[in-house]
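Next come the chains, spelled out residue by residue.
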Amino acid sequence: MASTFERIKKVTAELLKIDAGKITEKSGFVEDLGAESVQSIELVAAFEEEFDIEMDEDAALSVKNVGDAVRFIDSVLKQKK
Amino acid sequence: MKTRPVAEQEIEILEHNGCTAEDWEKVLVTDGFDAGRIHDVQFAGTVEIGRVDGPAIDLGDGAMRPCGMSAAKLQNVRVGDGCSISGVRGWLANLDVGNNVVIENVGTISCAGETSFGNGHEISVFNEGGGRELKITDRTSAQIAYLTVMYRDNKPLAAKLAGLADACAKSRRSTRASIGDGARVLNCNEIRNVRIGPCATIQGALSLREGTIDSSKEAPAVVGSGVIAEDFIIQKGASVKDGAMVSASLVGEGTRIGKQFSCENSAFFANCEGFHSEACSWFAGPYSVTHHRSSLLIAASTSFYNAGSGTNQSNHMYKLGPLHQGTMERGCKTGSFSYLLWPSRVGAFTAIMGKHYANFDTSDFPFSYINEEDGKSTLTPGMNFFTVGTMRDGDKWPARDRRKGAEKLDQIVFDVLSPYTAQKMIRGVALLQELGDKADKSETFVNCRGIQIKRLLLKTCRRYYGLALDKYFGDVLMNRFDALKPAKFRDLFKVDPAGETGEGEWVDIAGLMCRKSRASALVGKIVDGRIRSQDELLAAIKDIHDSYRADEWNWCLAMYAKVYGREPGQLSGEELKTFLEQWKQSSQKLLNMVAGDAQKEFEGATRTGFGIDGNGDADFEAVRGTFEGNKFVKKLKEDGEKINQRFEAVVPRLA
Numbered sequence: 020m021a022s023t024f025e026r027i028k029k030v031t032a033e034l035l036k037i038d039a040g041k042i043t044e045k046s047g048f049v050e051d052l053g054a055e056s057v058q059s060i061e062l063v064a065a066f067e068e069e070f071d072i073e074m075d076e077d078a079a080l081s082v083k084n085v086g087d088a089v090r091f092i093d094s095v096l097k098q099k100k
Numbered sequence: 028m029k030t031r032p033v034a035e036q037e038i039e040i041l042e043h044n045g046c047t048a049e050d051w052e053k054v055l056v057t058d059g060f061d062a063g064r065i066h067d068v069q070f071a072g073t074v075e076i077g078r079v080d081g082p083a084i085d086l087g088d089g090a091m092r093p094c095g096m097s098a099a100k101l102q103n104v105r106v107g108d109g110c111s112i113s114g115v116r117g118w119l120a121n122l123d124v125g126n127n128v129v130i131e132n133v134g135t136i137s138c139a140g141e142t143s144f145g146n147g148h149e150i151s152v153f154n155e156g157g158g159r160e161l162k163i164t165d166r167t168s169a170q171i172a173y174l175t176v177m178y179r180d181n182k183p184l185a186a187k188l189a190g191l192a193d194a195c196a197k198s199r200r201s202t203r204a205s206i207g208d209g210a211r212v213l214n215c216n217e218i219r220n221v222r223i224g225p226c227a228t229i230q231g232a233l234s235l236r237e238g239t240i241d242s243s244k245e246a247p248a249v250v251g252s253g254v255i256a257e258d259f260i261i262q263k264g265a266s267v268k269d270g271a272m273v274s275a276s277l278v279g280e281g282t283r284i285g286k287q288f289s290c291e292n293s294a295f296f297a298n299c300e301g302f303h304s305e306a307c308s309w310f311a312g313p314y315s316v317t318h319h320r321s322s323l324l325i326a327a328s329t330s331f332y333n334a335g336s337g338t339n340q341s342n343h344m345y346k347l348g349p350l351h352q353g354t355m356e357r358g359c360k361t362g363s364f365s366y367l368l369w370p371s372r373v374g375a376f377t378a379i380m381g382k383h384y385a386n387f388d389t390s391d392f393p394f395s396y397i398n399e400e401d402g403k404s405t406l407t408p409g410m411n412f413f414t415v416g417t418m419r420d421g422d423k424w425p426a427r428d429r430r431k432g433a434e435k436l437d438q439i440v441f442d443v444l445s446p447y448t449a450q451k452m453i454r455g456v457a458l459l460q461e462l463g464d465k466a467d468k469s470e471t472f473v474n475c476r477g478i479q480i481k482r483l484l485l486k487t488c489r490r491y492y493g494l495a496l497d498k499y500f501g502d503v504l505m506n507r508f509d510a511l512k513p514a515k516f517r518d519l520f521k522v523d524p525a526g527e528t529g530e531g532e533w534v535d536i537a538g539l540m541c542r543k544s545r546a547s548a549l550v551g552k553i554v555d556g557r558i559r560s561q562d563e564l565l566a567a568i569k570d571i572h573d574s575y576r577a578d579e580w581n582w583c584l585a586m587y588a589k590v591y592g593r594e595p596g597q598l599s600g601e602e603l604k605t606f607l608e609q610w611k612q613s614s615q616k617l618l619n620m621v622a623g624d625a626q627k628e629f630e631g632a633t634r635t636g637f638g639i640d641g642n643g644d645a646d647f648e649a650v651r652g653t654f655e656g657n658k659f660v661k662k663l664k665e666d667g668e669k670i671n672q673r674f675e676a677v678v679p680r681l682a
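Chains as they are written, first to last, in the working numbering: chain A, 20 to 100; chain B, 28 to 682.
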């Protein structure tokens, strides 16, 4: 199975309609990838669907870049187990 | 005013001072009349003059106005005590002037035949093609207007309400205009068939015809320079200034119109603001605001509304005349250059951005965002609940109530979270669930009542509403606890005898949220003829307003079981604690999300352009301040601490 990072990259690229190759762990969702406020919550929802998890809204929305998202989702997945 | 014919000796003085009269026998004066203070005045018909031996009047502009009259023409006029009248280029005719009034440099102020001074004038509000006509009076409140305009299917009601307005208008009918005690009428052109209330200031108006300017010492009305108004009612504490053009419209208490705003067939209720832009058939409920040029508010019904610059609506695309109308429920905002094609109905506290050509109904989705995405109208339910704007608005409206009179015509409930918005969210949750159950994972959007919702967001938005409902029900419990301070928390769970009981529906009657059953009962009373005047109707509406808290409590008691599956009275101490912990968490989460929204104003792109020659961050902070130091952000933190304190205070009483 693809890594958390790869899956986040795929979901983010699809949702924001950008080239997945340009997404790195350092990419900021707003500043670098251009996510607007509604798209930020769409991303959270898309990650929830992709990973079949539920995330705390305010904690999830405080995640600023892809690397943080990887760590956040991994921690949620770990708790789920 | 006890008068006597002007004496021979006084006539001599008057004539010596350049005064003439059609018939000196019809010039009547009171004791305290000083003929030496009347110069160059032409009298015609019956003219009664009060005392003119009073002190000069200070208008605060550095020039004291002597009590008396000069350079004026009066025909069938009654002048009270202590007035200063000068420079009447036309005539004062068929007019009653109160005490201590100043009239200076004006054209004709007159009454031409019998009139009701704008009272009873029918305006085509909300639907410019007619069918919802409102007879405006100086007693028309937002609620009276709402019942008149919105409940047209109830023909007996419409007839009775029209009758009450007619009766009010009839009581105002006269062949004489009036200027109330302490009013100032300065530098105006024509004022015809206008009743001017006490302490009003009319300064520089170009033309006022067929209208009432209601006013009082506590809540004086102002009409300023360049104003042209016809068939109008201006209520207490309102101001209409700076080249505004008002045609067939009502300007409610504390409302401010100015800066070349123009309106027709519109009604603005308490504390509205209209500057620069244009309104046509706008039902502007309390706190509806438009400040910018190129905004056209047309055939809309709003309250607590803020129009961004270039906001436009249209009711075209009709074939049989303009029929289309649109409702934006309380608390909506339209972003810059947003456009709505009527008919549509927008849920409460919704932010609308972009241009929308679809006809949608989002009334069961309050606190939402409506965006334009690739030409489609999309809805994000619940998202606006977590924004700075909504929270700030909720705080600011009550603080900005400009109505200063003892009596307030409009009855307003300011709450952002209320049974009205809660019932909508409960319906919204059910709708989102239903949509989610039916949606296929391959779908990007689902359609709901004419608008697109991202399938991915159905679950998220349901959670948003859940969070808001947790906060609301918890707030109501905690507020009740704080107000009654019972020894045990569960002692709260009693029906309030002052309120109606059960899960009934709520409505928002132009700023007054109430149980629909109360509105229906009121309608019944009107139809049955038990309400015989607009004043009695205003009193009955105030009674509904005063029942809000008791009704809210009883509704929440009834709805708690529906939302949470348990009667609140049956909860154990531990279960109560769990619920209140949930309230605490939801409230904190809300504050965190609002703080997150506020933080956006301090980071990234927000700083673009600061530090024009370098040192951008320092420049930004010098101008904008820091996130941590921001007053609103500090208040959020304080609110968070208060939530914890309230929770801790209640825990020992939960057993």
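These aren't lab readings, by the way, just hints derived from the structure by calculation. Where is the CB? At the ideal position from N, CA and C, for every residue including glycine. Just to be clear, a hint being listed does not mean it is correct.
[Stated by the list, open to error] Ranges between beta-carbon positions, derived for each pair:
1) Y591/B to E68/A: 26 to 36 Å
2) E69/A to Q287/B: 51 to 61 Å
3) A39/A to Y345/B: 43 to 53 Å
4) D523/B to E69/A: 11 to 21 Å
5) E69/A to E630/B: 24 to 34 Å
6) E55/A to R651/B: 34 to 44 Å
7) A39/A to D523/B: 24 to 34 Å
8) Q287/B to A39/A: 48 to 58 Å
To see whether the hints hold, each was checked on the structure:
no. : hint                        : verdict
1   : Y591/B to E68/A: 26 to 36 Å : holds, 27 Å
2   : E69/A to Q287/B: 51 to 61 Å : holds, 54 Å
3   : A39/A to Y345/B: 43 to 53 Å : holds, 48 Å
4   : D523/B to E69/A: 11 to 21 Å : violated, 48 Å
5   : E69/A to E630/B: 24 to 34 Å : holds, 27 Å
6   : E55/A to R651/B: 34 to 44 Å : violated, 21 Å
7   : A39/A to D523/B: 24 to 34 Å : violated, 59 Å
8   : Q287/B to A39/A: 48 to 58 Å : holds, 53 Å
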